[in-house]
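Novice: Take a look at the letters that make up each chain.
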Amino acid sequence: MSRLQVVSGKGGTGKTTVAAALALALATEGKRTLLVEVEGRQGIAQLFETEALPYEERKIAVAPGGGEVYALAIDAEQALLDYLQMFYKLGSAGRALKKLGAIDFATTIAPGVRDVLLTGKACEAVRRKDRDGRFVYDYVVMDAPPTGRITRFLNVNDEVAGLAKIGPIHNQAQAVMRVLKSPETAVHLVTLLEEMPVQETADGIAELRAARLPVGRVIVNMVRPQVLDAPALELVASVPRSSVARALSAAGLGGARRGGHAERLVEPLLAQAEEYAERYALETEQRAVLADLGVPLHELPLLAEGMDLAGLYALARQLREQDVT
Amino acid sequence: MSRRPEPATHDPARHHLSPTRTLDIDPLLEDPATRIVVCCGAGGVGKTTTAAALGLRAAERGRKVVVLTIDPARRLAQSMGIDSLDNTPRRVKGIDDTAGGELHAMMLDMKRTFDEIVEGHADPERATAILGNPFYQSLSAGFAGTQEYMAMEKLGQLRSRDEWDLIVVDTPPSRSALDFLDAPKRLGSFLDGKLIRVLLAPAKVGGRAGMKFLNVGMSMMTGALGKVLGGQLLKDVQTFVAAMDSMFGGFRTRADATYKLLQAPGTAFLVVAAPERDALREAAYFVERLAAENMPLAGLVLNRVHGSGADRLSAERALAAAENLEDSRIVDQEGGKAGLRNSPETYGSSEPPAPSGASAPSVTPAHDVPGEGSPATADATETAVNGTETAADGTETAVDPDAATPEGAVDRLTAGLLRLHAERMQLLSREQRTRDRFTALHPEVAVTEVAALPGDVHDLTGLRDIGDRLATDRPELPETT
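These protein sequence lines are chains P and H, in that order. According to UniProt numbering, the first sequence is numbered sequentially starting from 1. According to UniProt numbering, the second sequence is numbered sequentially starting from 1.
Excised from the complex, chain P in its bound form (with noise of 0.2 Å):
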């Protein structure tokens, strides 16, 4: 199992809610996990139900068996700052860096330094060790950029070891790719059934593939209940509307005669139900494109009530069933 878990996906896809569902998966049974958001949205707070996440690691959730959930928002400036610190005591002159707008200059503009800082942090969280030698998280999940970046966020390497090509940075992107291109990395794709989340999670993997970055699983995410089988569909466009009406009225919903209740439920049942047929042809060819992929594919239920911190734990035990950790 890779000890660093980076979770990507289009836009809308739910890469947050896996991303903590994975790391409350991970961190069962004792293990002590960290989950680390990017992009500065304080999606994990939200998700969790805790104020905004300051630079700071911080227990969020205890999982089941006793494990921990850290989590960490990590803020490129204050990166910066502590590495100038840690590598190089740069002190006074990291403040007067500051004040000069060089920070802001390296964290927002300069190419490829945000990237390099951000991988870095993670990275550094994986390989930490206390003082009896152990590392201090089993497990770091990472929220990461979506699929259409996250293959140039994590192959920053490339840019920035071309662009700097001595000194401290380029040394800190080597070692951190060193880390991202191992086993020791695992890059998960996070989907819905749908057409263009398929195709870019297709794309993705082509990508991620081509920088010979480390490709996991592919997630499908708010999966529908299957309502009605593929025989129930077929029906669907035959059976006659009179009997759907009797069936109505045998379950209690009024009467079946023309313009009775139950009678004014059928065309608007049936024309629900050939919307579900359409939607369950696509799902079943994405499913097929998604398996042509050759990558583990999961799928976690869509939660009729909505995402919560008890959807969160659902999600999390799901992803132990299906022996994702």
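Simulated from the structure, these hints should not be mistaken for lab results. Where a beta carbon is used, it is the ideal one built from N, C-alpha and C, also for glycine. Any given hint might turn out to be false.
[Claimed, not checked] Lysine to any residue pairs mimicking SDA-like chemistry, simulated, CA-CA at most 25 Å apart: (1) P:Lys-165 <-> H:Asn-133; (2) P:Lys-181 <-> P:Arg-134; (3) H:Lys-111 <-> P:Leu-302; (4) P:Lys-181 <-> P:Phe-135; (5) H:Lys-111 <-> P:Gly-148; (6) P:Lys-31 <-> P:Lys-59; (7) P:Lys-165 <-> H:Ala-122; (8) P:Lys-165 <-> H:Gln-137; (9) H:Lys-235 <-> P:Arg-134; (10) P:Lys-165 <-> H:Gly-132; (11) P:Lys-165 <-> H:Leu-234.
[As the list claims (entries may be wrong)] Covered stretches of chain H (in silico footprint by chain P; criterion: 3 or more residues with CB under 8 Å from a CB of chain P, positions within the stretch not fixed): (12) 313-325; (13) 406-414; (14) 451-457.
Starting from the known structure of chain P, arrange chain H on it as the hints suggest.
Specialist: Same frame as chain P, now just chain H:
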């Protein structure tokens, strides 16, 4: 299974959303004063599709439109005939141009846009130096932020060409929805900042005796920078900044001008969202931010809203009925008390139930007289008939040509239909709650709702359909009244 009579949970406010201001899309698109429409919102809410649909609709209503998209999904791009687009607008074929409109579309190519700025504002020798600089190459290829600057730049360019009377912009899938607006300011603060002077210091102040003290300070700074960035990179950055220095001024002026353009009356911002918690939270954030920046917000486009033609049948009742059907199969087979399967309460609130079709197993329901019977009689008859269902079915088999469908399969299907409906109603109420939270916070924001489609959109017909849905607000569904 539980068969307790359930309360009439039917909520009249549920199926029609609470009254808010309705966003009228057509007047906005048709008004010649509307020159720019900016679609913004979280990723994955259908922003690009909305931008394309708005562009198409405006064009088919006689406007000369260009849609600026940023990294659209391949098939959507293909639907507009822009699969292999470079950085210039292309005419979209196949639209209805009887009103005299045109639709053009383009995809933002960040690097190309940046290169064009350099080529357009520097002499050839300097341009070559900049374009060959490794720092520049990396910057322009799109690290954090570049896309936002370039989208602003392109918008400014399109507007100043004045070839189109409406520009529809799709904003980049930013880390944060706010980056687009921040781009000019961030660039400005960088250009005004001391850093750029430090970086330019060796070139500008070197050798001037009077500046000696300053120079020492500067070289200490560049020394620190060099230590962090690596000497070569620092040199590249310095060369780059020096080369760009003359251009930056123009760059910034344009970015400021574009920012002002966005605040001008001819611009309309549309915040796009889906009725989901995260998307609407982001939308609320965006609404607040636009207000703070004095940007003109036209309203909220709420995509993928679900409706139901049978929304008076609550989820709870549908589920109970489905259970009834499923249970009764077992009961029937045991030859038991099938008469219990009906819950006695009437459906709906005001209307009496119509006479049951089951009381007269007619050949073609079309010939039924839609008369009104007394509720009590109808229910009584229905229950009685259901009690002798096997016999009634036997009769029916002889006369009904549809009877090839086994009764059990129909019951199972019907139970499935009811469960599907229950799921739909739960979704509806969840969407409603999410939406209510937004409108409670922002009652001033006009809203248009776009009914969800079962599939993805990938041709002009699909975009036109979305356009219709955008303009009509209410999901078009068969009404059961």
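Novice: Each of the hints needs a verdict: does it hold here or not?
Specialist: Here is how each hint holds up against the structure:
1. Between the alpha carbons of Lys-165 of chain P and Asn-133 of chain H the distance comes to roughly 14 Å, so the proposed pair stays at or under 25 Å and holds.
2. Among the hinted pairs, Lys-181 of chain P with Arg-134 of chain P is consistent with the structure: their alpha-carbon atoms are about 22 Å apart, no more than 25 Å.
3. Restraint check for Lys-111 of chain H and Leu-302 of chain P: not satisfied, since their Cα atoms lie roughly 39 Å apart, outside the 25 Å limit.
4. Only pairs whose Cα atoms come within 25 Å are accepted, and Lys-181 of chain P paired with Phe-135 of chain P is accepted, the gap being roughly 20 Å.
5. Between the alpha carbons of Lys-111 of chain H and Gly-148 of chain P the distance comes to roughly 17 Å, so the proposed pair stays at or under 25 Å and holds.
6. Distance check on the hinted pair: Lys-31 of chain P and Lys-59 of chain P sit about 13 Å apart at the alpha-carbon level, within 25 Å; holds.
7. As the CA atoms of Lys-165 of chain P and Ala-122 of chain H are separated by approximately 28 Å, the hinted pair breaks the 25 Å bound.
8. With a CA separation close to 15 Å, the supplied pair Lys-165 of chain P and Gln-137 of chain H stays within the 25 Å bound.
9. Pair hint Lys-235 of chain H plus Arg-134 of chain P does not hold up; C-alpha atoms about 42 Å apart against a cutoff of 25 Å.
10. Taken as a hint, the Lys-165 of chain P and Gly-132 of chain H pair is honoured in the structure, with Cα atoms around 17 Å apart against an allowance of 25 Å.
11. A C-alpha spacing of about 11 Å is found between Lys-165 of chain P and Leu-234 of chain H, which places the hinted pair at or below 25 Å, so the restraint holds.
12. With 7 residues having a Cβ less than 8 Å from any Cβ of chain P, the stretch 313-325 of chain H passes the three-residue criterion, so the hint holds.
13. Counting residues of the stretch 406-414 of chain H whose beta carbon lies closer than 8 Å to any beta carbon of chain P gives 7, which reaches the threshold of three, so the coverage claim holds.
14. Counting residues of the stretch 451-457 of chain H whose C-beta sits closer than 8 Å to any C-beta of chain P gives 3, which meets the bar of three, so the coverage hint holds.
Hints 3, 7, 9 from the list above are not met by this structure, while the remaining hints are.
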